[in-house]
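Chemist: Sequences listed follow chains A and B, in order. Under this note's numbering, the first residue of the first sequence is numbered 80, with each subsequent residue one higher. Under this note's numbering, the first residue of the second sequence is numbered -4, with each subsequent residue one higher.
Here are the simulated lysine-lysine pairs, DSBU-like style, with alpha carbons at most 35 Å apart:
1) B:LYS159 x A:LYS642
2) B:LYS97 x A:LYS355
3) B:LYS38 x A:LYS236
4) A:LYS616 x B:LYS38
5) A:LYS541 x A:LYS655
6) B:LYS159 x A:LYS616
7) A:LYS607 x B:LYS97
8) B:LYS159 x A:LYS559
9) A:LYS355 x B:LYS38
10) A:LYS414 x A:LYS424
If you are wondering where the hints come from, they were derived from the structure by calculation, not from laboratory data.
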Amino acid sequence: MTEKDHKSNLYSSISLGQLTELRKAITGLDSEDLQRLSRLIQDPELFSIEISQLLPLSIKKMFERGEVDEEQLRKFVEQVLHQSVKSDPGVMATILFPIMMPAIRKAVAEDIKRMVESLNTTLEYGFSPKRIGWRMQALFSGRKYAEIVLSNAYVFKVSQVFLIHRTTGLLLNQVQETEIKDARNADMVSSMMSAIKDFVQDSFQRDAEENLDSIKVGNFNIWIEQGPYAIIAAIVEGNVPGSLRLILKEAIEAIHVNFSYELEHFQGDTEPFVLKDRFLRTCLLNEKKEIKRKKPVIIFILVALLLGVLGFWTYTRVETKLRFNRMLDELEATKGVVVTGTEKKDGVYSITGLYDPLVSNLNNVVKLHGFDLHDVKLNLEPMISLDYDLVLLRARRVLMPPETIDLSLKRDTLIAEGAADNEWLERATSLVLHLPGIYFFDIAKVNEEKMQQTPARQLVEKRILAIENYYFVFRINEVKLDSLQKIDFDILINEAKSVLNFRFDQDSVPVIEVYSHTSRNGHIDANKNAARLRAEKFVDLMLQSGLPIETLVPKVIFVEDEKVPFPVRSVSFKVKYVNPAAL
Amino acid sequence: MIKKKVCMLGAFAVGKTSLVQRFVNSIFSGKYQTTIGVKIDQKMVSLGETEVNLLLWDIHGEDDFQKVKATYVMGASGYFIVMDGTRNETYQVGLELEKLAKNAAPQAKCVILINKSDLIRDWEITPGQIEKLISDGFKVIQTSAKDNLAVETAFTELTRMMIK
Ligand SMILES: Nc1nc2c(ncn2[C@@H]2O[C@H](COP(=O)(O)OP(=O)(O)O)[C@@H](O)[C@H]2O)c(=O)[nH]1
Ligand SMILES: [Mg+2]
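This is chain A alone, in the form it adopts within the complex (with noise of 0.2 Å):
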């Protein structure tokens, strides 16, 4: 036999099976391994997974055993990502935009929502009986009032119409279906819409051109429109027709032709686009339900009942109080009394203070404002008053003058005028300094052998200097007298009368220049419109109460050309003559 026999026999004595044996003992892989790993050597794509899935671990292993520390780590990706950015930020704005845009999207729909929360809290100031009506349903069903006002009334409408200048975002002019109380808000939400519409916008990198045309939360829809110069932002409920839009347009254009001086100029003056647009009401547009429902007839008989007795209760509580207030305004202007304090217990007024027995019947006040001596207590205590008028009457009342007599008071010296026999002029002499507030007594006119009368004209000019010592501050842009101003203004009146009756000669007549004054001070334009507005407003009061209109002339003047200027917002007269055919 021969060697090579030998190891013939010796393979075919080992069979394939006993030779995978063989190799698995040695190695530890069967053939089935070895194929794998063989695959895996020749095929990169293959090879690369199967070390990803080994890397990771490596790495945690790396760093439990030191070798590399995170900061390391950190830095090479950072460097890796701000390389990528660089060199083309596209792909890594692919890559993270399906994780951001949901994110942004729910950002944004939030705060739109609470923005037009706000916005619906501001809509629905507006009250009429039938939104009353709506709102107890709205509390008895539990549903949402918003809700049960589109339900019950409309298919769709537009309750709002901003008009926002572009690129301030400052609200040009608004106009809504019923009035809103605080109009001012509007001013926030149009600036906060304007932010939102650049955000949401520069978020969703649409391109320049492209722009939001609307935002949709619920039931309500902001519907913008925009403009080179200015954007239209409708709030709209329910099913809108897409003919909104084009209505929406027009408006726009319309008020970019009108409005284009203002537009381009814009400065911040709103005044024109409040006072003069037409064209935002033109948008508020609304469609109601055909169907009528049955309405629950109880529910409303008992809220108009509920809300009649609601009403007439805190019709009487704040009618009272109003009263009352009155009332002490009265007392406290009244010579001679002091309110030191007031009090309500157990449905009783108290009024503390202190009040001149001189003082004619106090509880009269009291009931001229139709309150009982039960509703309301006077504890006042004694004093003596040295108030002008009441330290004359207390002169008057002591010294018991003839009726020739004309007692009058000047600081604190009296003077008598007139005739009166030597009895009286003694005893008033003797008496006159034990009155508190009285330190002179001037008798010198007394018994004058002749009495000067005073002409006609010294006592015209004399009203004339009173008118022209007259004038009435008044809050901005209002014109509205007060209870003092009143009274002021009433004698002002009659003095007007008696002087616009006397002319002095055949040649002139007087007029009554009103004078409104103003500042240079901010705005001088504005100011002065503001001015021109008061002195015309003030003219109509004096109309009012009778002064013929040619007698009237209304003028601005700023306190800066005065040489003693008068408040400012305040107005002041002046008496001129002219000549008739002047005027």
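With the hints as your guide, set chain B with the ligands onto chain A.
Modeler: Structure of chain B with the ligands alone, referenced to chain A:
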């Protein structure tokens, strides 16, 4: 009525929000600003007989400098650059923001506020630096939102400059 957009600009925590809060009435909840990045408040200022409604844009966020976009300042008639007297680095940030704003709204009027004057003993911004601002033509007012010092003055002054 006259309305004006006014922006609050300045580094983080100089007191922009506090200054506005001293001065206004707000309707929007605080949460708003976080996402939109802007809080809007308003205040009526009367000068003589002119009533001006200021719409105040207060930027929100930690990294204010990054967040100031042109759209935010655009259309503003005025802006405040707010610096924190106790932190010198806010001076430079303020000046950078001023440049940015000047670019976005060239016509707008500017008042620089050095805030936290209640802590004037700890100020890092020096009188020399303030002098420099003034000689560069800036209107500078020292305020304290905390003690309500010169806050009203600052807003009135900017309003006066804007409607001239
Ligand atoms: N002492 C002091 N602290 C202030 C003043 N103004 C603001 N702060 C504080 O500074 C911090 C940042 O204010 P904030 O108004 O949020 O700054 P903003 O980031 O510029 O809006 C807050 O803790 C404020 O209470 C100030 O005038 N004086
Ligand atoms: Mg802030």
